[in-house]
Amino acid sequence: MSKRLIQGNEACVEGALAAGARFFAGYPITPSTEIAELMAEKLPALGGVFMQMEDEIASIAAIIGASIAGTKAMTATSGPGFSLMQENLGFAAMTEVPIVVVNVTRGGPSTGTPTKPSQGDFMQARWGCHGDHPIIVLAPSSVQEVYNLTITAFNMSEKYMVPVVLLYDEVVGHLREGVELKGTAEIINRDFPLVPPENYRPYATGDGLIPKLAPFGSGYRYHMSGLSHDETGFPTGNPATIENLVVRLQDKIEKNRQDIIKYKAIDVEDAEVIFLAYGSPLRSALQVQKQARARGEKVGLIQLLTLWPFPHELLTETFARNNADFIIPELSLGQLADEASKSVPRDKITRVNRNDGALITPAQLEQALKGVR
Amino acid sequence: MKYKDFLRKDKMPHIWCPGCGHGMVLSSFLRALAKREYHPDKVAVISGIGCSSRASGYLNFNTLHTTHGRAIPFATGIKMAKPELKVVVLTGDGDSAAIGGNHLIHAARRNIELTVIVFNNNIYGMTSGQYSPLTPHMRLATTAPYGNIDYPFDLVKLAEGAGASFVARGATAQPRHLEKIIGQGLDHNGFSLIEVITQCPTYFGRKNRMGSAVDMLQWQRDNTSTTGKEGKIPLGIFVQEERPEYCANYHHLVKTVAEGKGSE
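Chains as they are written, first to last, in our numbering: chain A, 2 to 374; chain B, 1118 to 1381.
The set of hints was computed from the structure by calculation and includes no laboratory data. The reader is advised that the hints may include incorrect statements.
[As the list claims (entries may be wrong)] DEER-style ranges, computed between Cβ atoms:
1) A:L47 - B:E1201: 15 to 23 Å
2) B:M1118 - A:G179: 35 to 43 Å
3) A:G48 - B:P1361: 44 to 52 Å
[Unchecked claim] As a list, the in silico PhoX-like pairs of lysine-lysine whose alpha-carbon atoms are at most 25 Å apart:
4) A:K253 - A:K160
5) A:K299 - A:K265
6) A:K256 - A:K160
7) B:K1159 - A:K213
8) B:K1372 - A:K43
9) B:K1346 - B:K1297
10) B:K1152 - B:K1128
11) B:K1128 - A:K213
12) A:K160 - A:K213
[Unchecked claim] Here are some, though not all, of the chain A residues that point toward chain B, as calculated from beta-carbon distances under 7 Å:
13) A19
14) G21
15) A62
16) G129
17) C130
18) G238
19) I243
20) N245
Keep in mind that this is a model prediction, so the values were computed, not measured. The beta carbon of each residue, even a glycine, is placed where N, CA and C say it ideally should be.
The shape of chain A in the complex, shown without the other chains (with noise of 0.2 Å):
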């Protein structure tokens, strides 16, 4: 198949529609808009449904209904509106709703730098909503890896019956790149129940962790909210019942974190030197690292893929091998090295932060490995 010369929003919009979505809900906010407009173009002529809405609250609201009703369904938007988001990212999460959000990050904190791009959101991505919930969060770095992995964030939203949120800086959501649209992509949906509905009890895992969510008007009806239930969907104040369920929204990612969490090794076996990136800090990070091994330099890098849960035995383990120094350049102050500094003693991090609105170059990646050398 030839490639094609399209830009990261619309590589997300393309993935989406391969992996099934057929209901975007949206609210316009650079630098995220083309996808919403993609879709709007899109969709009905798939017999999907493009709605624009009157604000990100109703935007993720209408696509958690849509998914109740057994479509799939996307939203996207950027920091601001993901700030927006966030209570009924919670309610997904809770009440086991696969959806898919995309967030093109920009500068930060508030209205910021709308133009520019920006790494401030991996903490929100993790722990925006209150309490403890599960929800994973892929990274894409390349034109090609947005189609990609917005296919597998249909497909982990599906499998687990959990929020996945895609996030992408502005560079990558605005650069064109030759993509090829594979056509025979693996698509994953979610189970339906096997029990007759008379038997059925919407949040009963049986051996498993993942529900069987039956869509709403499919002759299973049954209760879903927000607060605590049972595994009728309906509300209890019984403690066990409560921490159960609480235990198991996190197992069921926790438990299949070799599944979930996608990243790329290069050249790490023997370095003594790894760059740790995703975004577009990679892009300069993967030239730097070329060049160093082409010195002979024994420089490896680790490209996250799944930034949540995030690889901590990936890094232990690669730490552990060499004892090797981590570069780890970031555009915010250092959100990124201070998780990875959980797993990799803070000394042996040299952190590249960036904030200005401008791209960590590769001049600046060699500086910061000469430094380390």
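Go by the hints and put chain B onto chain A.
For chain B alone, kept in the frame of chain A given last:
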């Protein structure tokens, strides 16, 4: 079907206080529904947060108890994904007119076929008696200990101004009338809003010395009118117009695009 068949009896007793009017609103709604031909599998009841919004849990339909103020956009997503479902929103005065006010006016503007029943007890009951956008001027609440200096919305006028094609007001003191107007709201092909005046003797009534639930119902009788009497709160249907419905408009758009005609 009988209206009692629509209840999840195993989820009783309900959480509402003695004398609360919410059960009366619910029974009027269910009686109206029972007279119509909806299969329970094809009815979805969506609620927000608050006393009124606990109603969804007691109903044997597809029921969704959402976040505060957001029942309407959740319902919008369900309706657009499955237009064949009858989608009803049960909400309160705080849920629909304060935190959810923006969603209310936009759903009205779109004229999407949702039946929105607002349980208006003039107070936040779940959090024990704070003033809402429908608490009358200078009435008392725990957050208005010296009287509420805010002026309330007239929800009927708000919905009408926002473009709702069916707007009505009923009261728990007039249950047969209420059942009738909710029924007409259910039959309406477009956005319908039914405000229901209901009594909260525990918080609004007690704080404002309105007496028992029976006294509050008598107050409703004395201060409302189904015949437009001067100086009384009017009850009845105020807007009932046939206008293009949102799902139908979207379906038409999809058909047009599929036929390659583009915009017409």
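Going down the list of hints, with the structure as the test:
{"no.": "1", "hint": "A:L47 - B:E1201: 15 to 23 Å", "in the structure": "holds (19 Å)"}
{"no.": "2", "hint": "B:M1118 - A:G179: 35 to 43 Å", "in the structure": "violated (60 Å)"}
{"no.": "3", "hint": "A:G48 - B:P1361: 44 to 52 Å", "in the structure": "violated (20 Å)"}
{"no.": "4", "hint": "A:K253 - A:K160", "in the structure": "holds (10 Å)"}
{"no.": "5", "hint": "A:K299 - A:K265", "in the structure": "holds (17 Å)"}
{"no.": "6", "hint": "A:K256 - A:K160", "in the structure": "holds (13 Å)"}
{"no.": "7", "hint": "B:K1159 - A:K213", "in the structure": "holds (20 Å)"}
{"no.": "8", "hint": "B:K1372 - A:K43", "in the structure": "holds (13 Å)"}
{"no.": "9", "hint": "B:K1346 - B:K1297", "in the structure": "holds (20 Å)"}
{"no.": "10", "hint": "B:K1152 - B:K1128", "in the structure": "holds (24 Å)"}
{"no.": "11", "hint": "B:K1128 - A:K213", "in the structure": "holds (22 Å)"}
{"no.": "12", "hint": "A:K160 - A:K213", "in the structure": "holds (10 Å)"}
{"no.": "13", "hint": "A19", "in the structure": "violated (19 Å)"}
{"no.": "14", "hint": "G21", "in the structure": "violated (13 Å)"}
{"no.": "15", "hint": "A62", "in the structure": "holds (4 Å)"}
{"no.": "16", "hint": "G129", "in the structure": "violated (15 Å)"}
{"no.": "17", "hint": "C130", "in the structure": "violated (11 Å)"}
{"no.": "18", "hint": "G238", "in the structure": "violated (11 Å)"}
{"no.": "19", "hint": "I243", "in the structure": "violated (16 Å)"}
{"no.": "20", "hint": "N245", "in the structure": "violated (20 Å)"}
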